[in-house]
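Visitor: On the provided structure of chain A, position chains B, C, D, E, F, G and H as indicated by the hints.
Chains as they are written, first to last, in our numbering: chain A, 1 to 253; chain B, 1 to 253; chain C, 1 to 253; chain D, 1 to 253; chain E, 1 to 253; chain F, 1 to 253; chain G, 1 to 253; chain H, 1 to 253.
Simulated from the structure, these hints should not be mistaken for laboratory data.
It is possible that some hints are incorrect.
As the list claims (entries may be wrong) - Cross-link-like lysine to aspartate or glutamate pairs, in silico, DMTMM-like; alpha carbons within 25 Å at most:
id, chain 1, residue 1, chain 2, residue 2
1, D, K52, F, D164
2, A, K52, G, D150
3, E, K52, E, D92
To be verified - Sample of chain D residues at the chain F side, in silico, Cβ under 7 Å:
id, residue
4, V213
5, N227
6, V228
7, D229
Here a beta-carbon is modelled for each residue, glycine too, at the ideal position from N, C-alpha and C.
So you can see what is in the structure, the chains are spelled out below.
Number of protein chains: 8
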Amino acid sequence: MRDILEAVADGSLSPAEAEVRLSGYATTDAGRFDAARETRRGVPEAILAEGKTPDETATLAVAAVETSGRALVTRADTAHAEAVADALPDADIDRDARAKTVVAAAPDFERPDLDATVAIATGGTSDAEAAGEAAAVLREMGVDVERIEDVGVAHLGRVLDNLDTLREADVVVVAAGREGALPTVVAGLVDTPVIGLPVSTGYGHGGDGEAAVLGMLQSCTVLSAVNVDAGYIAGAQAGLIARAVSDARDDDA
Amino acid sequence: MRDILEAVADGSLSPAEAEVRLSGYATTDAGRFDAARETRRGVPEAILAEGKTPDETATLAVAAVETSGRALVTRADTAHAEAVADALPDADIDRDARAKTVVAAAPDFERPDLDATVAIATGGTSDAEAAGEAAAVLREMGVDVERIEDVGVAHLGRVLDNLDTLREADVVVVAAGREGALPTVVAGLVDTPVIGLPVSTGYGHGGDGEAAVLGMLQSCTVLSAVNVDAGYIAGAQAGLIARAVSDARDDDA
Amino acid sequence: MRDILEAVADGSLSPAEAEVRLSGYATTDAGRFDAARETRRGVPEAILAEGKTPDETATLAVAAVETSGRALVTRADTAHAEAVADALPDADIDRDARAKTVVAAAPDFERPDLDATVAIATGGTSDAEAAGEAAAVLREMGVDVERIEDVGVAHLGRVLDNLDTLREADVVVVAAGREGALPTVVAGLVDTPVIGLPVSTGYGHGGDGEAAVLGMLQSCTVLSAVNVDAGYIAGAQAGLIARAVSDARDDDA
Amino acid sequence: MRDILEAVADGSLSPAEAEVRLSGYATTDAGRFDAARETRRGVPEAILAEGKTPDETATLAVAAVETSGRALVTRADTAHAEAVADALPDADIDRDARAKTVVAAAPDFERPDLDATVAIATGGTSDAEAAGEAAAVLREMGVDVERIEDVGVAHLGRVLDNLDTLREADVVVVAAGREGALPTVVAGLVDTPVIGLPVSTGYGHGGDGEAAVLGMLQSCTVLSAVNVDAGYIAGAQAGLIARAVSDARDDDA
Amino acid sequence: MRDILEAVADGSLSPAEAEVRLSGYATTDAGRFDAARETRRGVPEAILAEGKTPDETATLAVAAVETSGRALVTRADTAHAEAVADALPDADIDRDARAKTVVAAAPDFERPDLDATVAIATGGTSDAEAAGEAAAVLREMGVDVERIEDVGVAHLGRVLDNLDTLREADVVVVAAGREGALPTVVAGLVDTPVIGLPVSTGYGHGGDGEAAVLGMLQSCTVLSAVNVDAGYIAGAQAGLIARAVSDARDDDA
Amino acid sequence: MRDILEAVADGSLSPAEAEVRLSGYATTDAGRFDAARETRRGVPEAILAEGKTPDETATLAVAAVETSGRALVTRADTAHAEAVADALPDADIDRDARAKTVVAAAPDFERPDLDATVAIATGGTSDAEAAGEAAAVLREMGVDVERIEDVGVAHLGRVLDNLDTLREADVVVVAAGREGALPTVVAGLVDTPVIGLPVSTGYGHGGDGEAAVLGMLQSCTVLSAVNVDAGYIAGAQAGLIARAVSDARDDDA
Amino acid sequence: MRDILEAVADGSLSPAEAEVRLSGYATTDAGRFDAARETRRGVPEAILAEGKTPDETATLAVAAVETSGRALVTRADTAHAEAVADALPDADIDRDARAKTVVAAAPDFERPDLDATVAIATGGTSDAEAAGEAAAVLREMGVDVERIEDVGVAHLGRVLDNLDTLREADVVVVAAGREGALPTVVAGLVDTPVIGLPVSTGYGHGGDGEAAVLGMLQSCTVLSAVNVDAGYIAGAQAGLIARAVSDARDDDA
Amino acid sequence: MRDILEAVADGSLSPAEAEVRLSGYATTDAGRFDAARETRRGVPEAILAEGKTPDETATLAVAAVETSGRALVTRADTAHAEAVADALPDADIDRDARAKTVVAAAPDFERPDLDATVAIATGGTSDAEAAGEAAAVLREMGVDVERIEDVGVAHLGRVLDNLDTLREADVVVVAAGREGALPTVVAGLVDTPVIGLPVSTGYGHGGDGEAAVLGMLQSCTVLSAVNVDAGYIAGAQAGLIARAVSDARDDDA
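Extracted from the complex, chain A is given alone in its bound form (with noise of 0.2 Å):
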């Protein structure tokens, strides 16, 4: 710790990293930024936008920056991500307006780059801000993420065709709604990791993605589900096993 403070002393580290060094947060007037999820498990720290403010929100993408050389922004609207691209100005600025993801990153950050593929296949339409998630989150991780887009269950044909990018994947994130089939579909035809990602469309009984969540966990093949929406923590949880295999990858080259 004594290091830590003399680098501040000295200039060569500033107070927020020396700030996150020692508590594992950056203090903001808008909250804390939890610097030290990145360092605990290797997976970029989100600002969820949605209930924030964009000065807030923008607040916070500053102190992300700072200590940890990008901002990942989620649910983020226009007004957010023009608040944190004024906010940053030097900063590179990656939007997606339909996951609403924004990633701010500093000049000089370099990614990591990872030797492993994702595939994320979507049902439909209202699944692409969940799955866009997923992949904001999958790139910033360094992997390659491949897009498989509108492959509902009762499109068959449509899956069939896209059967060669599901198996060359690593790992396979496949997001719907309603109920919810497409992964269990997906799943019978690859020998990889399928993580089941539900999204909440659908309507009267069973919507919000019930339908899609209770499907999930009643899959007749194998495969593990996140919560509705929760298209970060697929994202996420197929980064750490994509970064395990390029790890293997790496250690026997």
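Guide: Using the frame of chain A, we list chains B, C, D, E, F, G and H on its own:
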């Protein structure tokens, strides 16, 4: 009413049949047999053996044969089946042990014969009881039944192998437990009406058919559903559709 | 595939129609229109206006008219309806404000014409939107539709007054909220297939259509059900049955 | 209190009756009998046999007869009934095997006699136990009971046949399982208070009386409901209303 | 029917009243007013303002006054109330702002006058709307209403203070939110019928009245319940009982 | 650790006690006994007999007595109790048949003795098992226990009769099934902490303790709750509070 | 009562205070303020600002200060807070914006001062409102409060860092959303009473605090729980325990 | 297909193996054994003994050994295990009584051998069956398994003691019942993928694993989950990940 009573008096009508014509019910020691339902909708009334003793079941079966020419017993174990056979020594007995159905028909009973086919597809062995119940009621309504078994959503190849049979049927009943996705997959492949029959397989969260029935109600394609394990209802509804098609064929013939 | 592309090259096929024939989708700025569903099951694909801007809705309606000859828009408010009409100045526009549906058809579009009738009964004024959605898809499938309104289970006289219309239909769709008992009452009075359409009226415990959908699944007579407010699905399923009946009439004619 | 104890001392009051007057309870080896409830609301307290041994049931029945003149035992099987009869050789025993009730009355017990009638309608055979429990408590309160059986919502003719009986009653209790719609249908036809009694028939989704109780709470007409299988409560509530009506008749007589 | 039409022809009957006598409904631009319910059960039909515009509400109120002499509007805010008053300048207007009810009566309308009293007890301020709805319908049925407010189960003293009023009523309606225990406490203290009215107060797990309605169904004493916030139903059911008592008093008078 | 092992070597410590000190567990053929919990929170660990054979229960009880001086067995039937007594012939055995608890203590075991009192109130006979479990753990923690039985919310008089006892206790545990309102009533009358213990009485909708636990969470006064039938937890929590009070008394003494 | 009225007459008691002494309530235009609760259990009654206008909130706060010396307002936004401050220009105002609480005290109000400490631990930033509500009521009861923030179960190090503070408290309140496991982890580490306070964070299946409250009820260690977001109840219950401890300290001092 | 049939004809292939190669199923009197699943995803198909007779189980085990070299039987009691051993006298039998698994392998069967490790942690004794099922399928897939038992969230010390083992594994499966928090705690301490396996311990509200599965879906860290008691699925999913890692190690070796 007078002529019914006179027919009883001169012996040309049994008291049991007379009671049915007057009240719609045949009264027995084991309860009433609702003979009128067959009159009302042309669907043979089922005697639910579950929860009844073999003797009670047999008593009701005798009343059914006497008043409507046949008895359809569902959820019958071996003891129920034997009691029915013993009580109706002259009847033609047709038992399906996996479906747990027993049909007893008077020797002179003439089953209707419709010009229509219903396909019944199942996802796995444990769907056999519900599907067999549907098949039994359909056969008694005079419908041709095609069975397609073990075509789960994790086995797409087997679904595709049976596509011609599914497409040639006038109606398709699809029984499925666990996540209940098979009706959706089938409905995406055929242009005939599909009826989803959820089955109470599955365990844990969403078990006992809950995920299956919710999944069918949430289906992203066109189908209607019945309750969990309601094989009799699914078969009868398919039979009503098949009869409408058959009648249309006959009318124009 | 070559001939499709040559047809595009010589101008006899628009790029939009060519895309549909090749992929089943027409791509627009507002998302994709799934033109293939009509090909697959003969059911016109609906554009759900709810949650879309008037502009997005109109863009998809234009794609639908261009590729399949017509657009069926559901849950459309006045702004949606006007945007569709403005975007398709040459189309025939048919709007049902209570059902919140808009149908736009190219001047030369020829609707199918089936020889079958579907009766749609409702329990009260608040069932009108779901029932109207069912009616719209049925009319687009070429089915004759008979509407019977406000025949709630607490008004038995009105049910009995309409018995002839109910009995003469080939299929009956019954929309009901609150306790959802009307389909059961109707199914006890007719010998045609009945499809229950639960509606999200009702409040407090079991509200939002939950009691209605459970009541239909528990019905003590023969019927199948769709999800809460799923007017489009109920209509399409009735239309598939009606078409099977109509085809049977034609085949033998 | 002094006079109660003196009455015990001089033998004009049994210790059991004295205990009841002082504490409201008669203490037995099998638990307490809450004799005070009859005093409090004039409703005979029921001894629930289910979950008790025949001996325990009989012990409580003896205490009930001793302190309140009679015992009302519910959910009693044959062994319970026989044990009660054996333990009370002088009592008048009235057993209803289908309702699973046993009433044992001291020879000199005088039942109240009210000038009011309650009709109890059931939808099917399986509603008999709950309805019979209601009938037993009503009879013990001195109310005339009219039973109307098997008038399910899918059998409207039978409902209409019994309209006069339903309309002439002062209160109507309607027991129904499955979708529980019968109370609504009846309440639409009469102008007396209707109490809905849901019954735990039904299976699968919404089974065990859940759809029935929700349907009664959602009824689109005027009625109040009790819990699933709560025949004793439905009967007692109807009895309190009937007594109010009878008292009004008497007051003015 | 002929005489109704002749009365219209000679002007002694308005077309609106004639429509009601023939169909039970008065048709307006804002929907139908179900005038027949009053005829059927003697309970004034309520116009639910919630979800309607002030204009629609006023249109229905005019139809109600024209065909049945008065209008009972529930869940009405200030704008609804003013629109009703503006549309019926000659009517007597009675508004209860906390109950959100408006009653408009034609100057010559004669309210029934029953010889019976209903007490309405509430657990807290937030029960006032549901309780006031019950009071409004009771007053329109001609019942004397006694209000007892803020007698929650955590304030036993206040319950006991009002015991005489509760015991002297012919029927007691008890509104309670949160855990909904007040009806049970009251029913343990009186010997008249008690109707539980659960209210949608409460938050978190079991909130929105769920704990309250379950608690009333589980009550360890004798009472029946209506749905959450169903003040109109609770009042009307109490009114039907009160009328039966009043009629009994009158019959014998 | 070395001294523990040396104590085992020289015989001054049994291997069982040594294992507990090192790992917190005593290993037996019937599973492990978690002796460390007593160390951790001073609460005697309970052996849940339900689901275990009498032999397994006795084996664990022997381990408990050997390592912590006593065994507290819950949900024990007669066979479990006898097996424990047989296996521990020298122990003091204290069995409460209604609570289904057995306490076996080594002859030299010294129970703690706290200067604090906990009152346990129950709504009815069926709450006795849960309440007895709470009493057993409290006695083992050295707390004085006051039992107040059958003070249901429908019997307010009995609650008021026991007010002094309730008010003099340091903590009150209130067990209640059905609607679970008793803890609220009691908490409105005392100024000490109240812990609600829901009991799985009740049937039908909201049965098995669901209405009770929701009602306690929704209570309109101040109390905290444990899970349904969690008598051990309620007693232990009350014991922790009582010990804090007792320690405060001692500290200052 | 006479002396209260005489005190009003001679001006030594305000009418508002007199009303409180006689009825327990202070009546205002904005509803009643239940001043008696403080008398009953020594817990300051809270004014729930949510759902009230700033004016109504201020009116109740004035009544509270007038009758009990202070007002505790919960779920207050800026407008509520300002209205309270404006209406009570002489009062000491203490606002906690994150907790959304406002305390207004008369200048001469003397807060109680207890000799006891409660620790409040939170799992994350979003638990701050519920935890702050608990802290506010505790401070008003005179308890010393120790806050420990952001010690989620996925950050064990931070839990362990704060172990001394947790162990030195007399009671611990632990607020946690999502899976709600923090109270269990803390209770495994301390030997004081722990109260679990579930928070309505979390989304999708089991969201809005449902998983959290179920997890606390299922805890494998000893704790009791309050409802979701019931910070006021958790604080008050902890305060009742703390006061019992403090009283014990004082009694013996 | 011709060569398969010729191999049968010349005896080099058994009919059972030929059936599997052609249809994916081996047909037996006790149902079908789905040998194809192993081919499809490399996961040994399990025979669920629960609900089957010992004879049926043994028949399926024989088919499994004959067609895929081994049988994995889950939820097997002693009778099932003995029947399997009797039916396969030459097989190597490996039974885990606590996990209720039996593995029977042909003497010449060669298990795969992967270069990867999966750690399985459990919260308590009652998690042993689900965890053992996971272990059995992992061993059959050739994965090294490390078991870490009784590391509940209320025993943090034991979690920390096993940190090295948890961190060195390639994947971690964490089984937990009650509140299901252990996977979250573990995932906060390791940087490998964690799979949550909820177990159906727990009682009362949220029991039978409901709180556990909801807690894992709501986890505030990164993990995916399977259904309650789905040990086979958790093990197989971990095995698919381990195999991907092992393959990556091999590819580069």
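Visitor: Take the hints in turn and mark each one as holding or not.
Guide: Status of the hints after comparison with the structure:
no.: 1; hint: D:K52 <-> F:D164; verdict: violated (34 Å)
no.: 2; hint: A:K52 <-> G:D150; verdict: holds (19 Å)
no.: 3; hint: E:K52 <-> E:D92; verdict: holds (22 Å)
no.: 4; hint: V213; verdict: holds (5 Å)
no.: 5; hint: N227; verdict: holds (4 Å)
no.: 6; hint: V228; verdict: holds (3 Å)
no.: 7; hint: D229; verdict: holds (6 Å)
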